Amino acid sequence: MEESIEWVEKYRPKSLSDLVGNKKSIVDMREWAESWLSGVPEKRAVILHGPAGVGKTSAAHALAKDFDWETIELNASDQRTAGAIERVAGSAAKMSSLTGTSTKRLIILDEADNMHGNADRGGARAVGSIIKTTDQPIVLIANDLYGLTPSIRSSCIELKFNSVQGRSMIPALKKICVEEKIMCGVGVLEKLADNAGGDMRSAVKDLQAVALGRDEIYIEDIATSERDTKESIFKALGKIFKSTDPKSALQATYGLDETPENLIHWIDENLPLQYGTQEGTEEDLITGYRHLSKADRYLGRVRKRQSYRLWRYAGVLMTCGTVVSKSHVSRGFTKYQPPSFWRKMGQLRSKRDMRDNIASRIGDHCNESMRYSRTDLAHLYGRMLKDDAYAVDVAVNLDLNVDEMVYLTGGKKVTKGIQKINDLAQAQRSTYGNDDAPVFFEKKAVKKVQDKKQMDLNQIMQSAASNGNSKAEETSKTVNSAPKDDPKPDQKPAAKAKPQRTLFDF
Amino acid sequence: MTGGFEIKEEIWIEKYRPFKLEDIVGQKETTERLISYVKSGNLPHLLFSGPPGVGKTATAVSIARELFGDGWRENFTELNASDERGIDVVRTKIKNFAKTSPIGGADFKIIFLDEADALTSDAQSALRRTMERYTSNCRFILSCNYSSKIIEPIQSRCAVYRFRHLTEDSVAERCRHIAEKEGLSIADDGMEALKYVAQGDMRKAINALQAAALFDKTIHRDAIYRITATAHPEEIMELLKTALSGNFVLARKKLDTLMLEKGLSGEDVVGQIYRAIFDMDVSGQRMVDLMDMIGEVDFRLTEGANERIQLDALLAHFALTKEQ
Ligand SMILES: Nc1ncnc2c1ncn2[C@@H]1O[C@H](COP(=O)(O)OP(=O)(O)OP(=O)(O)O)[C@@H](O)[C@H]1O
Ligand SMILES: [Mg+2]
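Going down the list, the protein sequences come from chains A and B. At position 332 of the first sequence (counting the first as 1) the number is 332 in UniProt numbering, and the numbers step up by one without a gap. At position 222 of the second sequence (counting the first as 1) the number is 222 in UniProt numbering, and the numbers step up by one without a gap.
Worth flagging that the hints you see were computed from the coordinates, not collected in a lab. Misleading hints may appear alongside valid ones.
Stated by the list, open to error - Taking beta-carbon pairs under 7 Å as the criterion, some of the chain A residues facing chain B (in silico): (1) A119; (2) D199; (3) E258.
Claimed, not checked - To be clear about the criterion: a stretch of chain A counts as covered by chain B if any three or more of its residues have a C-beta under 8 Å from a C-beta of chain B, and this derived list gives those stretches: (4) 48 to 59; (5) 75 to 87; (6) 238 to 249; (7) 320 to 328; (8) 411 to 423.
These numbers were taken from a predicted model, which means no experiment stands behind them. Ideal Cβ placement from N, Cα and C applies to all residues, glycine included.
So that you can see chain A by itself, here it is in the shape it has in the complex (with noise of 0.2 Å):
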C-alpha cells in the first residue's frame, strides 16, 4: 500500500528558492527579512496577498526556515479576539528576548482577511496596533487584499501572490512524477496545469488524484469533470442566446454547477453583448430584461423566506424567457464575459462589512435596528465626531478605529482631527482597562513551550489562562462596548452586521 500522505503537504515547498513562481515578491520578502537582522524595518510587517494554492501560506514557512526563525501561526481556525492577539504578539516578544536577540520568531497570521466579526471581536484593530509596534517580524496572509482595513495595510508592505503560470508548473509536476516513480504520458501535465487556471495546489492535487491507483497516466485519465465548469456554463449560455428551443436551454442549465443566484449574473453580463446590437433587435433588449426582472424577484423571494420551491420559476423566466426575447437568432460570434460587475461588487463587501458593523454597534448603543441606524442615526453619530465636545465619547463609546471614524465623518483619509481623537479615546480606554495591556508570562511557562519549534497556538493560551491573564480581555471588553445591560456584547451585533455574502461568492 502507498503511504497514505496527501501531496499537497508532502512536496509544500521548504525553502523559498523551492516556490515557483513570483519571483519578484519572494525576493521583496527575503529583502525585508534580512533588513531585520540589522534592527526593526521601518514597516515590520509584509501582506501576501492573492488567489488560493499559489504558494502564501507556503512562502511564509519557507522564509522561517530558511533564516532559522521560529514561528507562531495564528489562522482562522483559531479564536482571534484582541486578547488573543496580542498574547501571541507578547510571547513573540518575550521569548525571544530570553533567547537571546539575534534570533526571531516570525508571526504568521495567515487568512487575515477572514477575522469575523463577531468571535474576532477586537482582532482587527488588535492586529493594527501590534503591526505598528512589534519587534518581530509579521506575516499576514489574504486573499483578498480589501478584506484588510486601510490602516493595517498602510503599515505593511503589500506582496502580491499571483497565479502561477501551467509553463512554470511543469518542472515541478515533472519532479514529483520522478519521486513518485509515475510514469506520464504526452501531454499529461501540460493538462494538468492548464486545468489548474493558476492554481497550483490544484495542479499538484490533481496530479495525486488521477495518479492514485495508476503507475502510468494518459491524457484519456484526466477527468475534466472539475474543472470544465466553463465550458458547461458557456454551452447553456449558447443555448440560451443563441437557440429558439427554451427547453433545450433549461435542459442545459441543470446539469450546471451553478445556483440560479450565479445564472442570472452571467446571463446578465452577457444579454446586452448579444441581443439589441443590430438595427431592429433593439425591442429584444427590453423583452429580455422584462423576464430577467421577473426572474430576479424570484431570487429575492428565495432569499427572503429561504423557499427554495421558487427557484425553479426564476431558472424558468431566466433561461426560457431569454430565448423566447430574440426576434432573430444572430450567428454572429460573441465571446460570453464572465459577470464583472459582481466580482467588483464582492470587493465592495468589506466596505459594507464596516458600514453594518459600525451601524449594530450604534444600534446596541441606542436599542434602535440595526437597518434604522444605518439610515438615520450612523449619520447623527457623524455629526458628533465632528464636534469635539462629543468626539471622544463617541469613539469610546462605539468603540471606533480610525478608519471608521473617516468613514463615519464621510472624509476620505486619517486627518490630525481623527488622530487626536484616537489618541485621546485610547487614553481613556486604557485608564479603565486596556487592550493594549502586555500579557506576561510567568518564566516557567516560557520555558516549557520554548523547547517547541513551532508553537501550539492551544499552549500559550492555556498558559496565559493559567497565569490569569485571561481577564484582561474581558474586562476590556465591557469597557469599550456600549454601556448598556446587553449580556453578550460580543455576541449580536456582528450577527446582525452579517452581510449577505453568497452573492458575491464568485
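Position chain B with the ligands against the provided structure of chain A, taking the given hints into account.
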C-alpha cells in the same frame, strides 16, 4: 437495541442503502474513480456537489466501509453542517476531531460534512488550515448542492466530484433490483409512475415502492399515485387543457376532484402543473408567461394564502387570457 436495528432493516431505503461503491447507480464515472482510490488505500479531500437524493451520503459511507471494514464507524464522523453551521463548531469540534489519531490501525479517519454549503464563508475559512495541518490524521469529504457556495480556497483543497441528477433509467434499474429481491413484479405503467414520482430522487421511488408493495405483489400505477398523493399526469393535462380551452367552470370541477378525492394539496397541484407545462402544446412565449403566473401563485401559497382561491385564480387566468 436489536429491535431498533430490525425496524431499521424493514425500511427499504435503509435496507437497500448501498454498502459498496459499485452498488451506487447513476454516478458511474465518479464511483469508478473512487473505487480506485479505495484500492490504493489513500484519498484526497473530496467535495461532492449535486442535487439531493442522488447518492452523496451513500457514497461517503461506502468509502468509509470499504476502507475501514467492520469498524468503519470508529473512524467516520458525520456532521450535518446545516445543524452546526457556526464558526465555533469548526474551530472546536471539527478541529478536535481532525487532530486526534485514527483508531485501530487505520491510516486516517474521515470527516463527512454534509450540506457544507450551509456553512457561512467565515466558518468555511476556519476549515482551511485544519484541512492542511492534520492531513496525516484525516480526510474531509464535503457535500453540497452547488460547489459555487463553497469558497475558492476550499475548492482548491478538494477533488471535486459532480453528482448528476439520476436519470429515469437509473431509478428504474434500482427499483427493478429491489423488486427482484423482494419477490415483486412491477407493471410497465407502475414503472412509469415510479419514475414520475421520483423526479430523480431515489429515496422517493423506493419509499413509494415499499408502500405499494404492502397492498399488492404486482405494482401498478394507481397504487403508486395514490400512495404519493399524486394525480395521474393525464389528469393534470386534462385539467390544463380544459382551462386553456376557456371552460373555467369545468376546470374548477376537475380541480375539486383532485383536491377532495385524491387528497392533493395546493402545493402538490402547482408542482404538477409546473411539470405539465413543458409537455403542453403552447408557444414558448406563452409558456414563459404561464410559468410566471404559476410561480406567482406558488409564491402566494408559501406566504400562507388560501389554496383553493389561488388555484381558482390560476385557472381563470389560463382560461381567460389568450396568447397575444
Ligand atoms: N508557488 C508554489 N510552488 C510550489 N508549490 C506550490 C506553490 N503554490 C502552491 N503550491 C502547492 O500547493 C500547496 C498549497 O500552497 P499554499 O498553502 O502555500 O497556498 P496558499 O497560497 O496559502 O493558498 P490559500 O489561499 O488557499 O491558503 C503547497 O503545499 C504546494 O504543494
Ligand atoms: Mg494558505
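Notebook entry, point to check: Mind checking, does the region 48 to 59 of chain A have 3 or more residues with a CB under 8 Å from chain B?
Noted result: holds (count 4)
Next item on the list: Could you check if D199 of chain A really has its C-beta closer than 7 Å to a C-beta on chain B?
Entry: For D199 of chain A, the interface hint holds, since the closest Cβ of chain B sits about 5 Å away, which is under 7 Å.
Next item on the list: Check, residue by residue, whether the region 320 to 328 of chain A contains three or more positions whose beta-carbon lies closer than 8 Å to a beta-carbon of chain B, and give the verdict.
Entry: Contact hint for the region 320 to 328 of chain A vs chain B: holds, 4 residues under 8 Å.
Next item on the list: With a cut-off of 7 Å on the beta carbons, see whether A119 of chain A makes it to chain B.
Entry: Hint holds; A119 of chain A Cβ to chain B Cβ min 5 Å, cut 7 Å.
Item checked: Cβ contact check, 8 Å cutoff: the region 411 to 423 of chain A against chain B, three residues minimum -> violated (count 0)
Item checked: Verdict on chain B covering the region 238 to 249 of chain A, criterion of 3 CB contacts below 8 Å -> holds (count 4)
Checklist line | E258 of chain A as chain B interface residue, shortest Cβ-Cβ below 7 Å | finding: holds (6 Å)
Checklist line | Verdict on chain B covering the region 75 to 87 of chain A, where coverage means 3 or more residues with a C-beta closer than 8 Å | finding: Since 5 is at least three, the answer is holds.
Hint 8 from the earlier list is the only one contradicted by this structure; the remaining hints agree with it.
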